[in-house]
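Chemist: All chains, full assembly: derive it from the sequences and hints.
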Amino acid sequence: MLSTLLAAAIDGLMIGVVYGLVAMGLTLIFGVMNVINLAHGPVVVLGMFGVYLCFAQLGLPPYGGLLVVAVLGILLGVLIYFVAVHRVLNAPHLSSLLATFAVNMMIIGIGTSILSTNFRNVDYSLGTLRLGTIALTGTRLTAAGVALAITAALYLFLQRTRPGKYIRAVANNRQSAELMGIPSRRVLALAFGIGTMLAAMAGGLLATIQPFTILSGGVYELKSFVIVVLGGLGNPIGALVGGLILGLIEGLVPVFMRTTWVPVLEFVLFVLILLIRPQGLFGAKS
Amino acid sequence: MTSESAATTPSHLATASQATWDRQSLLGLAIPLGLVAIFGLYPALQANASAREAMFTVLMAVALASSLNILLGYTGYVSFGHIVFFGLGGYIGFWVIDEWGLHLLPAALLGGLVSAALAFLLGLAILRLRGAFFALATIGINEAMKALVVNLPFLGGPTGLELHFSVYRNYGGPARALWLSYWSLVVVAVIVVVVSYLVKKSKFGLGLMAIREDEDAAEIMGVVAPRTKTWAYMLSAFFPGIIGVLFFFKNGIIEPASAFRLHISIELLVVIMLGGAGTVLGPVLGAAFYQRLRGLLLTTEFFKDIQLAVAGALLLLIVLFIPGGAIGWLRSWHRFPALRRVLE
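Those sequence lines, one after another, are chains C and W. Each residue of the first sequence is one higher than the one before, counting from 0 in numbering that gives the first Met the number 0. Each residue of the second sequence is one higher than the one before, counting from 0 in numbering that gives the first Met the number 0.
Honestly, I wouldn't trust all of these hints.
Said to hold, decoys possible - Computed footprint of chain C on chain W, listed as stretches where at least three residues anywhere in the stretch have a Cβ under 8 Å from a Cβ of chain C:
| no. | region |
| --- | --- |
| 1 | 70-84 |
| 2 | 93-99 |
| 3 | 102-110 |
| 4 | 127-133 |
| 5 | 315-321 |
No wet-lab data here; the hints were simulated from the structure. Please read all numbers here as calculations on a predicted model, not as lab measurements. Cβ coordinates follow ideal geometry from the N, Cα and C atoms, glycine included.
Modeler: Listed below in structure tokens is the structure:
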């Protein structure tokens, strides 16, 4: 029993790190420009297909494809920002929600017609690591490791580099940042690009773990909402912890009850956190 | 508005201006009602089932969007998961029709009341949240409810419920049952439009719009915001509950995926934005236009596959360039100030 629990917990934590990475993109965008990006799910799926196409068509190993996805992701993010988000930054919430949802519809519409809704999977194996009675799938372990590395890189970028500091300054107070000579338009575009890149890369990692279709994004988007609220909207490190919590729930709950109860627990928890601690589990009391 | 003009003009002029104001403002109700009546009667004149199905979709969008508009357009609270009331009402009504053999009409009313009751309970909690947090909470509630229904065996779990064919015998056969659900929907659509108009013209509606503009300022001016918002939320949940029962009775089958489809919720927002949020006529026009467009795209060979992308591009253009929707845009024509008074 104990080893079952341990195996389930480790499995959950590994996928949780990747969920955390998906959510980190969403929370970064919200933290910097107060926009809930409803095009997040489709971007995750584009990352999946990026890695899949690089692997199946070009023969690149998935982790090489991830670099391609990263570059394309940041460009796509900047494009989405200038087309759909920039004009509605100061409009009521409904405008930015609907503008990003419009992007969601366009990506899904074009994607469905080109890529169909068939299931795909990246047929790539890294073997299995055995620790006593616990078996760890190689691709899962690597995905978790890469996701942690990306998180660390993001942290260093935001804390130590000049563009990272610009992003934090704009997140803190856009007007003052502009008065200090920070080009807020470019910084916002960069932040949106990085948020989109994180989602696309997380999608690329998920593609090595699970089969997917063009419509899979909605699930990860909803999970990201839960994670982001757990960790506090706008807090990237909180998103990692939120991802771990969600992963643990998904790993451990099926040991005790039917898998179909997992989403019930997740969304009830989500609404409860919104009501009781809207600043997230780790946010300071406002 | 009337009291203002009475204060500044001599009394005999005041009554005259009041009369014209009333006539014009009644036109604001007559136009949307006329449209709904035309949509509603069209299948009866055609007397065919496919016209009825097409108009069922349009009228459903009219009624759902108009009820959501009470919360979204008048009060300014973005409910992304409003479809939860449609699904819950549908399930409750469907279940009592199937299990107890209750007639469609009381079942529909029950569905509406249960939805309103849920909105009351939810409202106590989530209406404290503002902006994006409220929108997220409504998504969470819809998903939680969908996941919960999947786990309830008496509601059929993930496969849902199917209506026993014998149920239709009480209505004189399936054909008459379908017409009954259609005519009930027409009546509901008319009632929703009238309620939407009355709310907009009432003191209650003014309170809602004050909350929309600035909730804190509204409270200082004496609007009891929590109570007012809860009423608006219940009102906007009541009608979707009824419509859910009518729709799923017509379909004869209900399942979690079709009852709580987040996508429909967002389509309703699109409909409202197309026509103009916070107007009576807007959701009616938006629903008719959106459903017509969707039908056209779906049946055109070239657009069939990318209809979603075309709809998305249209939505983006509207959000970016015409945020007031069709009615907001027409009302802002300075050359025809009369439009401002006629279009509500």
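Chemist: Hints first: check each against the structure and report whether it holds.
Modeler: A quick look at each hint next to the structure:
1. 70-84: holds (count 4)
2. 93-99: Check failed, 0 qualifying residues.
3. 102-110: It is violated, with 0 qualifying residues against the three required.
4. 127-133: Our answer is that it holds, as 5 residues pass the Cβ test (under 8 Å) against chain C, meeting three.
5. 315-321: holds (count 3)
The earlier numbered hints that this structure contradicts are 2, 3.
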